[in-house]
Each structure stands twice: as structure tokens, then as C-alpha cells.
Amino acid sequence: MRLVLHTPRWWWPSLVGLLLWACLAATAATQNEVETSTTTTTTAAGPPPRNFGVIVYRAYELLDIFGPLSALGSLARMHQMNLYMIGETMDPVTVEPLSPAMNTKNSSFFPVVLPTHTYATAPKDLEVLIVPGGLWTRSPNLNSTIAYIRTVYPSLRYLVSICTGAGVVARAGVLDGRRATTNKASWASTVVHGPRTEWVARARWVVDGNVWTSSGVSAGIDATLAFIEEVYGAANATYIADTMEYDWHRDPSWDPYADKFNVTGA
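According to mature numbering (1 follows the signal peptide of the UniProt record, and there is no 0), the residues represented by the sequence shown are -29 to -1, 1 to 237, in order.
Source of the hints: derived by calculation from the structure; they are not laboratory data. Quick caveat, the model's predicted, so the values are computed rather than measured. Just so you know, not all the hints are guaranteed correct.
Stated by the list, open to error - Computed spacing ranges between beta-carbons, pair by pair:
{"id": "1", "residue 1": "ASP179", "residue 2": "HIS50", "range": "24 to 32 Å"}
{"id": "2", "residue 1": "GLN51", "residue 2": "THR89", "range": "23 to 31 Å"}
{"id": "3", "residue 1": "ALA72", "residue 2": "GLY17", "range": "42 to 50 Å"}
{"id": "4", "residue 1": "ASN181", "residue 2": "GLY236", "range": "20 to 28 Å"}
{"id": "5", "residue 1": "LYS95", "residue 2": "MET61", "range": "15 to 23 Å"}
{"id": "6", "residue 1": "ALA118", "residue 2": "MET215", "range": "32 to 40 Å"}
{"id": "7", "residue 1": "VAL163", "residue 2": "PRO18", "range": "33 to 41 Å"}
{"id": "8", "residue 1": "LEU85", "residue 2": "ASN181", "range": "25 to 33 Å"}
{"id": "9", "residue 1": "LYS76", "residue 2": "GLY148", "range": "36 to 44 Å"}
{"id": "10", "residue 1": "PRO18", "residue 2": "THR89", "range": "24 to 32 Å"}
{"id": "11", "residue 1": "PRO71", "residue 2": "ASP179", "range": "33 to 41 Å"}
{"id": "12", "residue 1": "ARG121", "residue 2": "ASP96", "range": "26 to 34 Å"}
C-beta atoms are modelled at their ideal positions from N, C-alpha and C, and glycine is treated no differently.
Take the sequences, apply the hints, and build the full model.
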């Protein structure tokens, strides 16, 4: 036996209205969730920064740049932001080591990025500068990079170094009298560049004033999410970490690599 339910025609408009109301309610709930996750925190110094620059130099560490940029790229879908890739010249920048001695297997596995500006043409309204690490930080030919960091720092709202990038920032004098950290696997070869820096051995990242320094490579993502939380709000940072499916280490003192590489201090 088949049971057939007949709905009176006069009730159809009400049914359609009910379904339409349900759809609108669901859409509003989704929109409210997104708006909640993109709440902006206005800092004491004014609205959150919009203009970000990244130093690009041959033999940079890929994740030092693109880990933080992945998180910031998500943020840029919530807030108006501008990115500038700043190099010594406008030539393409490769991750290929500076010396063949550092490529003993004769590999050819070197992504390239294109600068948008040079040190001479970089925007004057830059607010945040990110200095990545990598083999490039061991180059003896960093005078122009060091000079640029030293010159631009006073006008920045924030400076963020990732991994061994702290060594270059230290050589620019920015870390004098400040607390900072760096990659634990390259600890000794990096901290030597900051004799007037208070190097923190056990730290995923360190904040001193408007200078943020992270430990090695992947730590840059944790530091960037913490930066987003501090400057743009916790809802933004949590939302971005979740959509990245990233296990964010929120405790800046979490650092198993200090023990692994037997780092106890400068």
C-alpha cells in the first residue's frame, strides 16, 4: 500500500516562505561566523599595518618566507594588505646555494622568486619588514642588505626575523640591547653576530618591543600566527591556523630543539 500526502495548494506559499526563511537564516549564520573570525584589533599605535615587505636574497630558506606568507596571505583575504618583495636588484632570486661546494650532489631543485622592488625603490610607507634566514645569511656580501635594514628600521612599525635572519638583523644593530632568538641548529654561527644581544636559547619566538625574532624555519609560522593574534586579534589567528590545518604552538617557550642541539645560551 502506498501512502500519498496531499498538501493543500493554499499552503504552498507558506511552505516556500518557510524554506526561504531557513535558507536566509543559515546564510546569516555563516556570514556572522566569518565576520567574527575577521574581527580587527586596533593597536595603541593605530590601525593594524597594511604594508609588508620581505627581504629576498639568493639561497634564502623557502619556508622562512612562504610559511609566514601563507598565514599572512589568508589574513589579506580578510583585510586590505600589500606585499613587497625587496631584493638587492630586480633580478630573479633563487634558493640555489651561493657556492657549488654547498651543492655536492649537483642538484637542480631551486625555486625562484621575482622582486617587486629594490632597496633603493622600496616603498617609503613600509610598516612591517620580514627578514628570512637561509644559507644567504652566511654570505660575506651583505653590506647593502645590512645598510637597508639599518636605514629602514626606524620608520617601521614592526620588524620580524625568521630563523638565521636574526644574524643579519643583529649585524644591522637592530638587536643591540634586545632579547632575541634564532635557529638552534645554527645557534653558534648566528649569535656571534650579536655580541650586544641577549640571546634566548629556549624560545620558539621572542618579542622585544616592535622586534619579533623566531627560532628555526617552521617556528616562523608560529611566530607569525602569534603576531597576527597580537596585532589583528585572536579570532583571526585561530581561524587562519585552523584553515591551514596547522598545529599552532602558542607557547613561545616551547622549544625541544634547544635540548636536541644542546643550546644553553650565547
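Here's how the hints hold up against the structure:
1. ASP179 x HIS50: 24 to 32 Å: The hint (24 to 32 Å, Cβ to Cβ) holds, given that ASP179 and HIS50 are roughly 25 Å apart.
2. GLN51 x THR89: 23 to 31 Å: Holds - the Cβ-Cβ distance for GLN51 and THR89, about 25 Å, lies within 23 to 31 Å.
3. ALA72 x GLY17: 42 to 50 Å: Holds, at about 48 Å.
4. ASN181 x GLY236: 20 to 28 Å: For ASN181 and GLY236 the Cβ distance comes to about 25 Å; the hint holds.
5. LYS95 x MET61: 15 to 23 Å: 18 Å, holds
6. ALA118 x MET215: 32 to 40 Å: Holds, since ALA118 and MET215 (Cβ atoms, about 35 Å apart) stay within the stated range.
7. VAL163 x PRO18: 33 to 41 Å: With a Cβ separation near 39 Å, VAL163 and PRO18 satisfy 33 to 41 Å, so the hint holds.
8. LEU85 x ASN181: 25 to 33 Å: 29 Å, holds
9. LYS76 x GLY148: 36 to 44 Å: 43 Å, holds
10. PRO18 x THR89: 24 to 32 Å: 28 Å, holds
11. PRO71 x ASP179: 33 to 41 Å: 39 Å, holds
12. ARG121 x ASP96: 26 to 34 Å: Violated, at about 19 Å.
Checked against the numbered hints above, the structure violates only hint 12.
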